[in-house]
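Sequence order for the protein chains is S and E.
Under our numbering, think of the first position of the first sequence as 1, with each following residue one higher.
Under our numbering, think of the first position of the second sequence as 1, with each following residue one higher.
Hint data in this document are derived by calculation from the structure and do not stem from the laboratory.
Intra- or inter-copy, both count: the list cannot distinguish identical chains.
Restricting the straight-line Cα-Cα distance to at most 25 Å, the calculated cross-link-like pairs of lysine to aspartate or glutamate (DMTMM-like) are:
hint : residue 1 : residue 2
1    : K7        : E40
2    : K56       : D81
3    : K47       : E27
4    : K56       : E40
5    : K9        : D81
6    : K9        : E70
7    : K110      : E40
8    : K41       : D112
9    : K47       : D3
10   : K125      : E96
11   : K7        : D81
12   : K41       : D109
13   : K47       : E96
14   : K7        : E118
15   : K9        : E96
16   : K110      : E70
17   : K110      : E96
Each chain, written out:
2 protein chains.
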Amino acid sequence: MADIIRKIKFNSAGLVPAIVQDSQTREVLMMAYMNAEAIEKTLATGKMHFYSRSRKTLWLKGETSSHIQEVRAVFLDCDSDTLLFQVSQRGGACHEGYRTCFFKQLNSDKGDFTIVGEKVFDPEKIYRKK
Amino acid sequence: MADIIRKIKFNSAGLVPAIVQDSQTREVLMMAYMNAEAIEKTLATGKMHFYSRSRKTLWLKGETSSHIQEVRAVFLDCDSDTLLFQVSQRGGACHEGYRTCFFKQLNSDKGDFTIVGEKVFDPEKIYRKK
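So here's chain S without its partners, still in its complex pose (with noise of 0.2 Å):
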C-alpha cells in the first residue's frame, strides 16, 4: 500500500483531487479530495472514502445515504497529482438527491445553467434518517 501512496503527488494541504466516474455508463458522478488515509481505507474496503475539507475529517461515501461506490478500477494521471476512480454506485453520487452532482448545464441561449438531471432519491427522506 505504502507503494501505492508514494506514487501520487499529494497538494501541499496533503491532498489529491479525485474525480468519480460510473464504470458502466461512464458518467461523470463527482469530485471530492483524498488524503493517503482516504486513498488507503478506499483501496483496503473497496468503497470510496474522501476527506471533508471543511469537516477536516474521513468520511465513508454513502455513510449517511447508504450510496456506497463501490471501487471498480483507479487510474492516475501523467502528472500523478488526479485521481480517477470508476465505480458502481448505489443510489444517486448528489446530495441534493441526483444520480451526478453535475446536473446544471451551461445553456447558451439562455445565458445561464438550468437542471438537467433527474432526482432519483429525495434527499429529505434519506438524511433526516439521522
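Given chain S, work out where chain E should sit, using these hints.
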C-alpha cells in the same frame, strides 16, 4: 457572460477545477484549472482554455500540438465549484502522447500503476516543432 461567471465559486486562488470528458466515448481525458478569463475565452471561442498554475498564464489547449478540444456541453456541480466539459478531442489530450491523461491503471496484484493507454501520437515529433 458575467452572469455565468458569477454562478461559479472560485477557490482562494481564483481558480476552479475543470474535468474534460470526450463527448462521444465519455472517456475522462484530463483535469486542469480555469480562472474567470479562461472560462470566458473558452465560451467565446468554443475551444478549451486553461490557466497554468506553474507558468501563471492562460493557455489554449492544443496551441502547440493542434490537439484542440471543441466544447460540446458544459456542466456545473451541486456546490458550483467544479466544472465538467464534454468536448470533441482532436488527436490526444495528453502531452505524453496518449488519448487520455489517465493512462496509468492500478494493478492490485502488482501493487503499482501500469500503463494501459495506447499512444495516439509521438510527443517528440509534435512538441519539438516549436
